[in-house]
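Peer 1: Chain by chain, the residues run as shown.
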Amino acid sequence: MRLLPRKLALDFMGRARHAMVLSGGLLVLSIGSLLFQGLNLGVDFEGGTLIEVGYPAPVELDEIRGQLEAAGFDRAVVQHFGSAQDVLVRIKPDDRPQSELSNQVLETLRGESQELQLRRVEYVGPQVGEELRDDGGLAMLYALGLILIYVALRFEYRFSFGAVIALIHDVILTIGFFSLTQIEFDLTVLAAILAVIGYSLNDTIVVFDRIRENFRALRRQSSTEVLNVSINQTLSRTLMTSLTTLLVLFALFFFGGEVIHAFSIALIVGVIIGTYSSIYVAGSSLLVLGVSGQDLDTTPTEDADARP
Amino acid sequence: MSSKANQYPWWKNLLVIGIPLIAALYAAPNLYPSDPSVQVSSSRVALGEAERKQVEQILKLKGLTHDQVEQEGEESLLIRFPDPEEQLKAADALRGALSDRFSVALHLAPATPGWLESLNAHPMNLGLDLRGGVHFLLEVDLDASIGKAYARHATDVRTLLREEEIRYRGVRVHGEEVHILARDEETLEQIEEVVKDNYFGTFDVTAGETEGQPTVIMRLTSTAHSDIRRNAISQNLITLRKRVNELGVAEPVIQQQGRTRIAVQLPGVQDTARAKEILGATATLEFRLVDEQSDPYLAAETGKVPLADELYYERDGNPVLLKRRVMLTGEHIIDASSGFDERGLPAVHITLDSDGARQFAKVTGENVKRLMGVVFIEQRSDTVVADGETRRITRETREVINVARIQEQLSKRFQITGLDTSREARNLALLLRAGALATPMYIVEERTVGPSLGQQNIELGALSVLIGFLLVMVFMALYYRLFGLVADLALIANLVLIVAAMSMIPGATLTLPGIAGIVLTVGMAVDANVLIFERIREELDNGNSPQASIQAGYSKALSTIADANITTLIAAIVLFAFGTGPIKGFAVTLSIGIVASMFTAIMGTRAIINRIYGTRRSPTLAV
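These protein sequences, in sequence, are chains A and B.
Per our numbering, numbering through the first sequence is continuous, rising by one, with the last residue being 308.
Per our numbering, numbering through the second sequence is continuous, rising by one, with the last residue being 623.
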């Protein structure tokens, strides 16, 4: 079985301009949304208290809001979580003794229904939230930096810029997606985005590897042609791997439960964007940066000799 | 390229068969469900035949069915039950009868068969998000403990100057300095000298001026400063351990995190309100004389305690009769540290403030050669349910942590000797400090997962792994036919390797994001095979012979696979370094999965492909 015909010669680089317009548009949209709307940060990053409780039967949210307001929790956000029996209560940090808050909320809700089941409490102090935010940002920068160095060592510095441009593109679009949809951004989403960095790079590296190989093999052809040939040759692999990864991610999305919903959404979006970027963005950025066969011949790689 | 046969040397084939088989062995304990059980333990005394009989009797009385009582090390007994209902009933019964002496904890004991256990094979550790429980992160308020130290010393300096009959205008704490305002230049020198003598090593003392007045300025030396910080953390760690023991939690984790924080993990704990109260208890100390005239064992047996005495128990359970009158309370202790006495035997050195020193000198002077006991008192508020109503009560536990003979009149600095080991000395010093110099802690993070959600997380996680796994296997088999089936075998081996590695690596914990990491790895592990198989197809399309195509497909894809996996590994390692708790679990499974896939997807599939096609002259490849 094959997804694509045997000899494929699609003109990807000819459409580089279209791709750039599309990417540019999406980037502007993402950054704009991030600037004006921001992210719907979860308890992990913003601090506050989150309580998930399970009722024996479906409940009305208004009733719960009433109970909480009567007890002085007027700013609590109440929503169903996964089913009508599950309720999530979120309270932003304020001047009350915070570590006691979850117990008070629970007591308030237990007042009438002793059947209430505590499913989850997450309390993050404002200071810890801030640290997690800083650490998260740092983690992403370190990951990008280390990858930049690795790719520069294995290939050439322009490849490494090309790879990192593609990565930053993917990260901004994925975070932008979360800003646009206002899906809650928590620690698991951050982990997913780091995994997307790893995944998308994986894709890009495979394409780059082929580009490097073809620059050596096809000396007479122009850079554009070499890039086109390389992307075509790796296309079925790129699509296959994305497909298998998406298969498991959809399994995770549909069967993994509410807690990792946002996580699987981040990965699904990231994998799709990563696949697109390794086909269009990584290659085009190499062209823009002006990579040609000569650059690679001057850089000695052990790779060429190691191959049988 | 020639179309020579593709054959692996025998040792590679052996690895390909051997490693997954061994892994399967070590992954096997995860197949056995764990037993609901109750653990009876004590951190102080060994449990033996007597306790075992007592436990059996209690359970028999209640008519509860249970497996044989198992001895776990010297300090704990384990009793397994057929279902959680029996387990809860038994725990209640055992708590009622034993909780004053032992800690009774609910536990899920792994039901690993003996032959696997003898190979050191254990099931994976499950994270709190999968088994349910509480995670607290406590911030130790070091600034408060430094501030307290300054305040304590300021009081001490006042007493000292009074005793030395030096007149001064005032002593005050100013930020991280103690200022002694002198009357004139002459007394300034006197003060400087006395203070330097008395606080050598603890304070840097300088004479100068503040706001135009002659002042002696005291600053904690950097060693004293870091000692206070270090002690604050270690004594809080030890008090937390002590309290968690009382909570009755099996396998608690209490460890320092970062410079000023302590992480506490209590698997299976649901009543977080109670846990918070117990963790937040405060401790104090009292020094009292021992009544050596009366028999404490008799008093303990008959309950008849002499009027002037109170009955206490030592940590090893022996009764002691102490005088009601308190010689000294803990707030007068400035410092307690473990070390050695003049003869090189383990000892605890105690420093009192001047006020305490005076009091203590008087009472010990009157009671030389008599025994003195140190009582550790813990107060905590607790919620109880009585007659269907929830009430808050304050409870106190008292315990004698040391009994020693007063050898001479004691004053500002003295030592407790007669300790058996330096470990014992360290523990005593820690307890003394914990009682005297408790540093406030507060909760900065809490994550609680109820048991129903934990169970649900496991089930959903397992389900999504299974479904994702099957989808990918079916897809690979359809798309690459025989080669796809071979990749499927590699995928199964990969999963077994991940589970085995997670079970074998000490400290590795499976969390919900960890399961997600496994799911993701399943999707990505086939990538190596996709790369190889696509390459083989290409080589075939280019008109190469089947054997040469297999050879070229594997070798050409190799460096690509390595590059691609190393970069993902970089992201995973960064995630591990920066992530906390469950997120670390994701990084761990992802990393293990990537490394394992390099073995299974490259070497594993090659070995099988070689077996199938390697010796044939010109096979038709089903790829």
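Since the hints were made in silico from the structure, they are not lab data.
Mixed in with the good hints, there may be bad ones.
[Said to hold, decoys possible] Partial list, computed: chain B residues near chain A (C-beta under 7 Å): (1) 57; (2) 93; (3) 96; (4) 447; (5) 451; (6) 453; (7) 455; (8) 467; (9) 478; (10) 482; (11) 534; (12) 563.
C-beta atoms are modelled at their ideal positions from N, C-alpha and C, and glycine is treated no differently.
Peer 1: Hints first: check each against the structure and report whether it holds.
Peer 2: Against the structure, the hints come out as follows:
1. 57: 35 Å, violated
2. 93: 24 Å, violated
3. 96: Violated, about 24 Å.
4. 447: 5 Å, holds
5. 451: 9 Å, violated
6. 453: Holds: closest Cβ of chain A sits about 4 Å from residue 453(B), inside 7 Å.
7. 455: 11 Å, violated
8. 467: 4 Å, holds
9. 478: The hint holds - residue 478(B) has a Cβ within 7 Å of chain A, the shortest such distance being about 6 Å.
10. 482: It is violated, given that the least Cβ distance between residue 482(B) and chain A is near 12 Å, above 7 Å.
11. 534: 4 Å, holds
12. 563: 5 Å, holds
When held up to the earlier numbered hints, the structure conflicts with 1, 2, 3, 5, 7 and 10 and fits the remainder.
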